[in-house]
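Residue numbers (the numbering used here), protein chains in the order written: chain A, 322 to 797; chain B, 322 to 797.
Everything labelled a hint here was simulated from the structure, so no lab data went into it.
Among the hints, a few may not be true.
Because identical chains cannot be distinguished in the list, a pair is counted as satisfied if it fits within a single copy or across any two copies.
Only pairs whose alpha carbons sit at most 25 Å apart, straight line, appear in this in silico PhoX-like list of lysine-lysine [to be verified]:
hint : residue 1 : residue 2
1    : Lys604    : Lys372
2    : Lys568    : Lys646
3    : Lys354    : Lys399
4    : Lys651    : Lys379
5    : Lys732    : Lys568
6    : Lys379    : Lys646
7    : Lys558    : Lys354
There are 2 protein chains.
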Amino acid sequence: MKNKAITPRSEDFAKWYDDIVKTARLATYSGVKGCVIIEPNGYAIWENIQKVLDNMFKETGHQNVNMPVFIPESLLNKESEHVEGFAPEVAWVTHGGSNELEERLCVRPTSETLFSQYYSNVVTSYRDLPMLYNQWVNVVRWEKETRPFLRSREFLWQEGHTIHETAKEAEEETLRMLMIYKKFFTDYLAIPVIVGKKTDKEKFAGAEYTYTVEALMYNGVSLQSGTSHYFGQKFSKPFDITFTNRKNELENVYQSSWGVSTRMIGGLIMVHSDDNGLVLPPKIAPRQVVIIPIGNNENVIRTADEILDVLKSANITAFVDMSEKSPGFKFAEHETNGIPIRIEIGPKDLEANQVTVARRDTREKTTISLDEDIVFNIQNLMQEIQNNLLETATKRRDELTFKATNMDELKEIMNTQPGFVKAMWCGNEECEVKIKEIRGTKSRCIPFDNEQEHISDKCVCCGRPAKTMIIWGIQY
Amino acid sequence: MKNKAITPRSEDFAKWYDDIVKTARLATYSGVKGCVIIEPNGYAIWENIQKVLDNMFKETGHQNVNMPVFIPESLLNKESEHVEGFAPEVAWVTHGGSNELEERLCVRPTSETLFSQYYSNVVTSYRDLPMLYNQWVNVVRWEKETRPFLRSREFLWQEGHTIHETAKEAEEETLRMLMIYKKFFTDYLAIPVIVGKKTDKEKFAGAEYTYTVEALMYNGVSLQSGTSHYFGQKFSKPFDITFTNRKNELENVYQSSWGVSTRMIGGLIMVHSDDNGLVLPPKIAPRQVVIIPIGNNENVIRTADEILDVLKSANITAFVDMSEKSPGFKFAEHETNGIPIRIEIGPKDLEANQVTVARRDTREKTTISLDEDIVFNIQNLMQEIQNNLLETATKRRDELTFKATNMDELKEIMNTQPGFVKAMWCGNEECEVKIKEIRGTKSRCIPFDNEQEHISDKCVCCGRPAKTMIIWGIQY
Numbered sequence: 322m323k324n325k326a327i328t329p330r331s332e333d334f335a336k337w338y339d340d341i342v343k344t345a346r347l348a349t350y351s352g353v354k355g356c357v358i359i360e361p362n363g364y365a366i367w368e369n370i371q372k373v374l375d376n377m378f379k380e381t382g383h384q385n386v387n388m389p390v391f392i393p394e395s396l397l398n399k400e401s402e403h404v405e406g407f408a409p410e411v412a413w414v415t416h417g418g419s420n421e422l423e424e425r426l427c428v429r430p431t432s433e434t435l436f437s438q439y440y441s442n443v444v445t446s447y448r449d450l451p452m453l454y455n456q457w458v459n460v461v462r463w464e465k466e467t468r469p470f471l472r473s474r475e476f477l478w479q480e481g482h483t484i485h486e487t488a489k490e491a492e493e494e495t496l497r498m499l500m501i502y503k504k505f506f507t508d509y510l511a512i513p514v515i516v517g518k519k520t521d522k523e524k525f526a527g528a529e530y531t532y533t534v535e536a537l538m539y540n541g542v543s544l545q546s547g548t549s550h551y552f553g554q555k556f557s558k559p560f561d562i563t564f565t566n567r568k569n570e571l572e573n574v575y576q577s578s579w580g581v582s583t584r585m586i587g588g589l590i591m592v593h594s595d596d597n598g599l600v601l602p603p604k605i606a607p608r609q610v611v612i613i614p615i616g617n618n619e620n621v622i623r624t625a626d627e628i629l630d631v632l633k634s635a636n637i638t639a640f641v642d643m644s645e646k647s648p649g650f651k652f653a654e655h656e657t658n659g660i661p662i663r664i665e666i667g668p669k670d671l672e673a674n675q676v677t678v679a680r681r682d683t684r685e686k687t688t689i690s691l692d693e694d695i696v697f698n699i700q701n702l703m704q705e706i707q708n709n710l711l712e713t714a715t716k717r718r719d720e721l722t723f724k725a726t727n728m729d730e731l732k733e734i735m736n737t738q739p740g741f742v743k744a745m746w747c748g749n750e751e752c753e754v755k756i757k758e759i760r761g762t763k764s765r766c767i768p769f770d771n772e773q774e775h776i777s778d779k780c781v782c783c784g785r786p787a788k789t790m791i792i793w794g795i796q797y
Numbered sequence: 322m323k324n325k326a327i328t329p330r331s332e333d334f335a336k337w338y339d340d341i342v343k344t345a346r347l348a349t350y351s352g353v354k355g356c357v358i359i360e361p362n363g364y365a366i367w368e369n370i371q372k373v374l375d376n377m378f379k380e381t382g383h384q385n386v387n388m389p390v391f392i393p394e395s396l397l398n399k400e401s402e403h404v405e406g407f408a409p410e411v412a413w414v415t416h417g418g419s420n421e422l423e424e425r426l427c428v429r430p431t432s433e434t435l436f437s438q439y440y441s442n443v444v445t446s447y448r449d450l451p452m453l454y455n456q457w458v459n460v461v462r463w464e465k466e467t468r469p470f471l472r473s474r475e476f477l478w479q480e481g482h483t484i485h486e487t488a489k490e491a492e493e494e495t496l497r498m499l500m501i502y503k504k505f506f507t508d509y510l511a512i513p514v515i516v517g518k519k520t521d522k523e524k525f526a527g528a529e530y531t532y533t534v535e536a537l538m539y540n541g542v543s544l545q546s547g548t549s550h551y552f553g554q555k556f557s558k559p560f561d562i563t564f565t566n567r568k569n570e571l572e573n574v575y576q577s578s579w580g581v582s583t584r585m586i587g588g589l590i591m592v593h594s595d596d597n598g599l600v601l602p603p604k605i606a607p608r609q610v611v612i613i614p615i616g617n618n619e620n621v622i623r624t625a626d627e628i629l630d631v632l633k634s635a636n637i638t639a640f641v642d643m644s645e646k647s648p649g650f651k652f653a654e655h656e657t658n659g660i661p662i663r664i665e666i667g668p669k670d671l672e673a674n675q676v677t678v679a680r681r682d683t684r685e686k687t688t689i690s691l692d693e694d695i696v697f698n699i700q701n702l703m704q705e706i707q708n709n710l711l712e713t714a715t716k717r718r719d720e721l722t723f724k725a726t727n728m729d730e731l732k733e734i735m736n737t738q739p740g741f742v743k744a745m746w747c748g749n750e751e752c753e754v755k756i757k758e759i760r761g762t763k764s765r766c767i768p769f770d771n772e773q774e775h776i777s778d779k780c781v782c783c784g785r786p787a788k789t790m791i792i793w794g795i796q797y
């Protein structure tokens, strides 16, 4: 059965994406230009993401705080590269009630400046270090082109900000958090990612360097899905964050920041979903199992309730759909919403002492005998779905990872079927600028040494001796 | 031992409050005037509050969403009483990047208008009702006088917004959420509250009526701690939120909203804390038990770790303080931070086959034999502390609840030892205005019938026949 509310992915990918967001009721545009409303189905995914990640942060010693939503203009201006990067895209508050403010306040686009000011007030000695803070908040960036989850004027994210006694510790933290993101994407979102360093041109405004988590969408377009920045002393000097070190000297702290956002929900959609609607990895799905009794049969309903109870007691988030809609309608609705497993129970099933189980990812149906351990079976199936989604996405990512040794090859790829392209680079920004002319192709990252591959001796653009391999791609 | 960083409560209550906030590291002022930074100890309390309340909301069928942080001026203006109430205290965004906006946006002070616009777009039939949404977000009100947690330009809260098929259902919801708040204050925060209806003068801007949760602080000042509003069709008409009812006619929905905020943390401080620092009810304390090994004795440390393990496995949030500070310093520090229970283990304790246990509320010490069930003992003690805090606060609240039959009595009370004052009221706003001249005394609420008490036949202010009893108080 085709879902008529969803444009086929092969026909119009952008329209397909919007249709999924709409029909699965994840989000909708608001009356505020460029801002979205995250609806219950979308917000529940965000809550699950928060739960898992927050736990990972706390296990690694981080604590949550809450900084103001406003940044005075003078504070934003303190680090010159940072303000250059962000000032063009911030919203400015100029009035409080009917009074004009003495100083404009921007609505935070990111909070390095606020954390730095705070740290400068509270840190005195190496004994206070490290300070490992995080916050889950909304941020605002005055974007021109917006898409739900992928790019909107306001979005939700977490931003970790840490300060350390030594450069080494701050660099280790920067890498640690990158690897936590990688683990989260792989193990929970079932999205294979490439991690590495951004080029100087692509790094965060004000950072010494930026690590990035790069994912490839179904259509071969890249999504920068999370970043972790090492600042060295680039903020601690202008913000005067000093501490007395072990030699009893005054020194500036070493700093990191790292963040992921509701953008990840866009990534989930564009990696796993299909023409029937949303597909969610069981580990992040707000509702893992829907039980649908077929017909108004007392035994059927009792069996449904019994199965609900045993699944719930095993911490599986299951629910019974007792609404008055037809079974076919319910099947389609829960497929659209991406419930990973559907259990159908009809009188014929009961006669055969079984239930029918449909998995959302492959849409295959099987039966489970009522004599079997249903929890064990469902848990296995959830793990199988989780694995299958990651494997399928990895296979596709690999198929869409190409190599190019010159500009003609790069153009050919990006103009026919884009993807990740491995190509050598001389290290000069002018080549990056030139490559960007090909449908906006950008350097995604310089992968770590163990993922470096020797494609050629020469830069893909200028032909001069190459310094490193880079992953290139067209981005959201 | 006196905590020198904390001004005695009896000496200067306001200073005492600020000292608790500061020394327990709950919050601090930021570089943004009137906005605070919620520090880890404060935010962890908020996280626990969120966890408990969010669960209560979900158990009663509510779902979380996220609305934009901005409201276009024209949208805020749609309901006239609402805009009159809020426009004087909103922050206005006038520029995005370097461009002036076509229409000013206010930073949300509350989100009735955004929810109403959303509902008007998505509701069509009575089958869609009720819609029971909530959001956990930041809001901004451009206050002149600010105090951490009690009143600040930005604060964190939850706001529930629901729409219903009938007035009756919406009114039931308004009352249901009030009662959930009451339960939360009583059972978790150990704060006795009076619930009732606000007078028309004190109700929420745009509401038909407002229910309120009123608490009394240690110094006899009242704190409006949560509200639940019934809107009837006051928003659904200007916002055109219509549905086809069961008679197949177009009708406007009936609406409610309800909210509590980080202000509750201020209430927790001012009800329970003392001159030694923060006191927290165990059910809301982020860390319930601190274990302090005394001396660098191997057996002591092993015992501490063993106790930690058994407490943790019983879901008690315990930790061992292994820092190099002196035991006395640690005792004072954890008292300041409000850890409900301290377990001290020294070599002498081990010789006696026991540990020493100090409770934060009464600061009494006892011992527990190592042969006893430590989990059982600690759980009992936590329940005892929880009960004691509620009883103590209730006793004080009752002692500070007075009666007045005329203005002289009312003045006398408010000018010597303020508290809740029960006094009769004729129903006229002019009397409320006159009473406000007494140190800003306001009507807190008209308690429900079962808590009405006949104090006199006449209005406390004008002497005309009284309509109802009101609880009056000076407020934060």
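key: Contradicted hints - numbers only   = Violated hint (a single one): 5; every other hint is consistent with the structure.
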